[in-house]
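2 protein chains.
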Amino acid sequence: MPSAAYTPTDRTVPTRAAHKASYDKELVHAILDEGYVCHLGFVRDGAPVVLPTLYGRVGERLYVHGSTGSRPLRTAGKADPGPGDPGPGLAVCLTVTHVDGLVLARSAFHHSVNYRSVVVHGTARQVTDPEEKRLALDALVDHVVPGRSRDTRPANAKESAATAVIRLDLEEVSAKVRTGGVNDEPEDLALPHWAGVVPLRKGYGTPVPDPALAPGTEAPGYLPGLSG
Amino acid sequence: MPSAAYTPTDRTVPTRAAHKASYDKELVHAILDEGYVCHLGFVRDGAPVVLPTLYGRVGERLYVHGSTGSRPLRTAGKADPGPGDPGPGLAVCLTVTHVDGLVLARSAFHHSVNYRSVVVHGTARQVTDPEEKRLALDALVDHVVPGRSRDTRPANAKESAATAVIRLDLEEVSAKVRTGGVNDEPEDLALPHWAGVVPLRKGYGTPVPDPALAPGTEAPGYLPGLSG
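Just so you know, the sequences run in chain order A and B. Numbering-wise, the first sequence is residues 980 to 1207 according to our numbering. Numbering-wise, the second sequence is residues 980 to 1207 according to our numbering.
A hint or two may mislead.
A pair holds if it fits inside one copy or across any two, identical chains being indistinguishable in the list.
Claimed, not checked - Here are the simulated EDC-like pairs of lysine to aspartate or glutamate, each with C-alpha atoms no more than 20 angstroms apart in a straight line:
hint	residue 1	residue 2
1	K1181	D1079
2	K1004	E1151
3	K1181	D1012
4	K1181	E1151
Rather than coming from a laboratory, the hints here were simulated on the basis of the structure.
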């Protein structure tokens, strides 16, 4: 039984390699949940801008945060505009990419990488509801290290006021996945060049405690990298 | 003696955390040369699009390739337009990001990541000179695995015709770097929460040879992951 899927649109159906595209919600969520850095694109003065930033997912909503003084977040307006505040939002494209392997073919042309990516198109709007904002900030911290938000001092009023959170609903979404081995031309198979896939590994180094750690503070069990 | 630098412009000077910005060419080149996947942003029908793609650097030029049928590459026009071909190019923003560590502060607000990124603004144009195109394709392969391009079957005429290469000159460029430890507020230092930096590690798994490898083909010395 297929899981729920996003509805494809003109801009989520690729012009090529359409067989690599997927709209499966479970797959999209899994790719998003494995990461915490996205590349957020928006248009400024008619030109594209792409910035790396942290994100978090809560259900079918993505959250990105930043200083209330930053240009894209100011432009994004408010999530729940009142009568006097139309809150047009900010057109964005949010992309998350994991590179899983290097695909070395005998021919230069068929070199590739194995990857999984998600591209989200939509309109980002500022979150103004305090409870939603709190949950969004927790989600941002927990995306980086699951379980971490419960073991921190939460944002106080001043910090919360200085932080803008924008929301992007998961509606116009696609995933793209390349897996597997080398796709060389049949006539190239006898060539003497090595061909195959080099898997990529991600991991953690040993955590480096802050020198000013309060005496007796133990490394918590949720910390990545503890086993070396 | 400081090395050469790019000239800052309105859009390469950040509105905040300007102390993290750098225009140093050596630093920019080092960040670009450590990667091979960028996030390329452009504007389509007034909305931003951000796609992951491979890139290569040759001096002060970046190259990105793709199918001649892809929308952004078609739009990019030609690098050396003739009288009948104005070749307007495609406004792009090309961003490369390396995440080096997770910064876990006592306060949720001061959580961060250590990273190095480069953002390039400019106009991408199609490369039409055959020799430049050949060098660009070599650079793309060698960015993924240094030395690899010499050990492949080069693109033939048909493959070359099917591949569009666009060039983006390194002119309007900035790097942004966050390094170091936790920046908690003085009044939070005594809190019982663990704080510190978790370094991120990238590495390679053992290469998986193509099952149809020609008999006697040894793994070449330039292959990453050979030592496990």
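So, against the hints stated earlier in the document, which numbers end up violated here? Hint 4 alone not satisfied by this model.
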